[in-house]
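Peer 1: According to our numbering, the sequence shown holds residues 444 to 819 in order.
Keep in mind that the hints were calculated from the coordinates and are not lab data. Among the hints, a few may not be true.
Said to hold, decoys possible - Calculated lysine-lysine pairs in the PhoX-like style (CA-CA distance at most 25 Å, straight line):
{"id": "1", "residue 1": "K486", "residue 2": "K476"}
{"id": "2", "residue 1": "K784", "residue 2": "K814"}
{"id": "3", "residue 1": "K556", "residue 2": "K784"}
{"id": "4", "residue 1": "K545", "residue 2": "K556"}
{"id": "5", "residue 1": "K496", "residue 2": "K454"}
{"id": "6", "residue 1": "K510", "residue 2": "K612"}
{"id": "7", "residue 1": "K479", "residue 2": "K496"}
{"id": "8", "residue 1": "K454", "residue 2": "K486"}
{"id": "9", "residue 1": "K476", "residue 2": "K454"}
{"id": "10", "residue 1": "K478", "residue 2": "K510"}
{"id": "11", "residue 1": "K612", "residue 2": "K636"}
{"id": "12", "residue 1": "K513", "residue 2": "K478"}
{"id": "13", "residue 1": "K496", "residue 2": "K556"}
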Amino acid sequence: MMGLNNLCKRKPIVLIFMHLMQDLDIVLPIIEKLKKRDDLELKVCIIDNLLNKSPRISNALRNLGVKFSKVSRLGVLTNLEPSLIGVKAVITASESTANPHKAARALTQRANKARLATYTLQHGYENVGLNYFDEAYPAETIRFTSQKVLIWGSTDLLPPELLSETRSKCIAVGCPKNINSASIKVAIPGRRKHLIVIFENLHWERYNDEYRNNFLEDIEKTSLHFPDTTFLIKPHHAGVWLTEKYQGKLPSADNIIIADPQDSQWEAFTAPALIAVADGAITTPSTVALDAARSRCPVAVIGYNLDLPNYQPLSVLDRSADWITFVEQLQTTEGRFSAQKQAHDFIQRNIITGDAVDQILNLVTADISRKPQLVN
C-alpha cells in the first residue's frame, strides 16, 4: 500500500518520444525547459536505430545532462515499449497516419487507451496532413491520433481542405525550435568574403527532373559569377538527396562546399548552426525558410514556377537571373535591409508571438490536472 501511495505522490511524468532524425530540433527546447520544471518529471525515449544513425542526438542530450532510454521500433509497434508507469502525458515530434510516423502513432494509441494526455507537434513549415497535401498524401487520408496538435501559426492560416477532425485538435502555441541552439560555432574551411548556404529539403520526390537539374546548374552558374563568395550546400540530414540518392555530376566550382551530413565534420550541424554564420540562405521550399527568417538571415526560396503562396513575401527564384539578383542584393546595405524586412514580415504572418515552450508545458500541466489520476 505504501508503494502505491508513493507512486501517486510522484511528480507527473511527461514522456517525449523521438523516432525520426529531424525530431531532435523540435523537441530539444522542450526537453531543456522541462528538465528544469519543479512540477513535472521528464522521460525521454528514442528508437535505438536512430541513435546509431545520428550521434548528434545522444551528444545533445548528454550535453544537457538528460538521461534517455533506448527502445526498439518493434517493441513500440507491438506495445511492449516504452514503459508508461507514472507517465501522465506523451509528446511526439511527428505523429500521424502517414507511414513514416507509424511508431509514434502506435505509442499514441497506447497512451490514449491508458487515458494519458497526448500531443504531437507541427514539425515542419509544410507538414503533411496539416498544411501540405499532394497526390501521395491527399487531405482526406492523413489523420492524427494525438488528442492535441500543437501548431506554429494562427489556426486561421490552416487550409480549407483540412479535415474538420484535425482542425478541432489544433492549438496555436508558436514554434518551439531554438534558432540559437548551436553550442559549437561552425568552421567553414576556406571561407571567402561572403557565405551563402544552400539547403535541399527532405522531400525531393516532390520535384521533377527539370527542377533538380535547374537547381544544380544554377548553383554552378551562381558560384562562378561570385568568386568572392563561398557557396555551402547542405543536404537534409534524413533526405541526403545530393550526397546519396543523386548519381550524376555534382557542382564542382572551387568556391562550392558540399556539407555531407554523413561526414563527421558536418553531422553535428543542422540548418540553424549554418544559418548563424551565413550572409544569406537559399532553400528549396522547406522549414529552412522559417529558420532563416527567425534568425534575421536574408533568405530566398527556389521556386522554378512552383505555386508558393505560403512563402510570400520572400524572394522566389524562378530562373538563373533570380539567383544572381538575390546574391547581389545581399552585398549592399539597402538590399540586405530589404531582404531582412521580407523575413520579418514572413515571420509575423506565420508564427504567433510568445514563448512556445512555456505555452506547451503550461498546457500539458493544465491537462494533466484535469485528467483522472489513475495508476497506469
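Peer 1: Would you list, in rising numerical order, the hints stated earlier that this structure does not obey?
Peer 2: 2, 3, 5, 6, 7, 11, 13
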